[in-house]
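Once you have looked at the hints, place chain B on chain A.
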Amino acid sequence: MSTATGVADTGSGPSPDSAPALSGGRAPGRIGDRLFSGAATGSGVVVVVLVTLIGVFLLSQAIPSLLKNQANFLTSREWEVAGDAPRFGIIELLWTTVSASVIAMLVAVPVGVCVALFITEYAPGWLCRPAAGLVDLLAAVPSIVYGLWGLLVVRPVVRPFETFLTDHVGFIPIFRSTGITGGTIFFIGIVLSVMILPIVTAISREVFAQTPLPHKEGALALGATHWEMIRTAVLPFGTPGVISAAMLALGRALGETIAVTFIVSTLARDAPWTWSLFNGGETFASRIANNAAEFDSPQKTGAFIAAGLVLFVLTFIVNAMARVVIEGRKAFTE
Amino acid sequence: MTSADLPLPGTRTQVNVSQTEPEIIEVAQATPRFEDSGGAGARRLRNDLARVVMWSAFGLAMIPLVWILWTVASSGIELLTQSVWWTNSQRNITASVRGGGAVHAIQGTLIQGLVTAVISVPIGVLSAIYLVEYGRGRLAKGVSFMVDILSGVPSIVAALFVYAVWVTTFGFQRVGFAVCLALVLLMIPVIVRSTEEMLKLVPNEVREASYALGVPKWVTISRVVLPTAFSGIVTGVLLGLARVMGETAPLLILGPYTKNIATNLFSGYMPTLPTMINQDRTETGLEPAVERMWAAALTLILLVLVLNLAGRLIARFGSVRT
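One line per chain: the protein sequences are A and B, in this order.
Position in the first sequence (from 1) plus 69 gives the number in our numbering.
Position in the second sequence (from 1) plus 847 gives the number in our numbering.
Same shape as in the complex, but just chain A (with noise of 0.2 Å):
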């Protein structure tokens, strides 16, 4: 059924594809279709296109840095990319970027579920739609302002949040003082985590409101409260779709660049390394966002590219991952 020129031949009954056979002869339907199915195909191979050359470029551009890379690219914490001899690597930026991201997920999927719980189950009917509408609104803040806002006024009240933290439990490695007391990874997750929720929230609440009603009354019926109806009906239905949100949510995060870019901690070259998240660091996006000065001489460039190419590949995985789970459960994709 792939012929949707008007050639169609076969007595495949009325479907879409064969209708056009309908018109006969009258060429100027034929060279329409035809003109018209090639500029539409023709602007889906342009989105595959698009995507492959974004591997490619990005690919070819970093080659050559990487050939004369010094150091291990991939567990090396230097990042010196001028002269004959440039040494870097990623690992502390995968470090601050996962880091950050895992903890900015941990933070926006619970609560996010449950804002879609709410506006689905729990909110009085007046308030379902200006509720769905102010979380969407969260999503439509150009992510700037966010920097803005976390940099200047959230900053100096998750502080002594931070301070208590590694007073009381500092003896564990990961909330163990650092002396930053800019922008740590632990923030930059709480300020993704805001910026993630609208995300969450909007395909947790698609999912679930689609739970067939039928499960729902059957757990009432059955003397479910409430809350057990979620439990055992809404919650294992749209399982699915809330991990696929979380992991499009998860690659949303890795990716943000200038609301990271404001906030980040940037280290001293000779910092020593520590698993703390109180410390700074920089992620993929802000490091090549910091940079953007130092892209004059092919060899610079190309390694930001690399960095950058790790970044796609990462967020490539995390989309695709999303993709196939909720490709698994079709029953809400289409």
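Treat the hints as calculated values from the structure; they're not laboratory data.
Any given hint might turn out to be false.
Claimed, not checked - 25 Å max Cα-Cα, derived DMTMM-like pairs, lysine to aspartate or glutamate: (1) B:Lys988 - A:Glu396; (2) A:Lys137 - A:Glu363; (3) B:Lys1047 - A:Asp205; (4) B:Lys1106 - B:Glu1134; (5) B:Lys1106 - A:Asp365; (6) A:Lys369 - A:Asp153.
Just so it is clear, the structure is predicted and the values come from calculations on it, not from any experiment.
Using the frame of chain A, we list chain B on its own:
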């Protein structure tokens, strides 16, 4: 999705009911899914607790929204009430001096947004038409998958890609149009997905009625299907526009800031609201710059919110006619 996938307690309960006939209490206890959470009091408590948790989660989510809007509005409103903000640029105004406006940045943001939309809308809408009306088999699956991937591409990666093509490969300067190209990459998936949703909502009967009248497929799509879904598509475009106008990362890499009015997309720097915010942010401690920063942020939020609200209103009042 079949009911067999669900741990629906129905079947088990029925079996148990027949086994434990005599006492009603035992029947209640024999409903395994609901019994294991304790006595009636505990169950009610859990239920109430869940209700409280859901309400407070919503309250929690509202805190940052109100907080952000309040912060930006209260810090930025003063400059916005002065007419000079809407009529002047920052030409010849240094960071420590009050005055000037944001018209150069507003203009730049609008021009770039518009050009981005002009490029993305045809590609996006046509791709969606392909996916819904034509696409079958592996290519359609591939396109759909790539749209998902594209919607997940971080804006900084899109910017790097355009930089690698535009500046490194072709040797062009960093100009407004390069920014547009990066924004196109971010806008296409938004338009494809929203248009796709809308086209799927158009009832098949409408298409079949058209075919039955002997109308060719392409005329059916362009004269019947698209008009039916028009308002939904417009909504998608506006929401996509709102997203790319608030985008900053590509501007940092591809669109340096200038204080002058600049409308040429192909030569020279082009100021935008996000880069204006970024510029004034670096002037730490200078009160006039900080005021301008918040005012520019408020202007940007207003711009994005207006687009969003317009999109939602169109969606509400002009939803697919059946």
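inquiry  = Holds or violated: B:Lys1047 and A:Asp205, Cα atoms, limit 25 Å.
reply    = With a Cα-Cα distance of about 23 Å, the restraint between B:Lys1047 and A:Asp205 holds, given a limit of 25 Å.
| message | Run the distance test for B:Lys1106 versus A:Asp365: straight-line Cα separation, threshold 25 Å. | response | Judged against 25 Å, a Cα distance of about 23 Å means the pair holds.
message = So if I understand the rule, the pair passes when the alpha-carbon distance is 25 Å or less; does B:Lys988 with A:Glu396 pass?
response = holds, 11 Å
Tell me if the straight-line CA distance from B:Lys1106 to B:Glu1134 falls inside 25 Å. Since the Cα atoms of B:Lys1106 and B:Glu1134 sit roughly 18 Å apart, the hinted pair holds (cutoff 25 Å).
| task | Take the C-alpha atoms of A:Lys369 and A:Asp153, compute the straight-line distance between them, and say whether it is at most 25 Å. | result | holds, 11 Å
Exercise for review: For the pair we were handed, A:Lys137 and A:Glu363, check the Cα-Cα distance against 25 Å.
Suggested key: Since the Cα atoms of A:Lys137 and A:Glu363 sit roughly 18 Å apart, the hinted pair holds (cutoff 25 Å).
In this structure, every one of the numbered hints holds.
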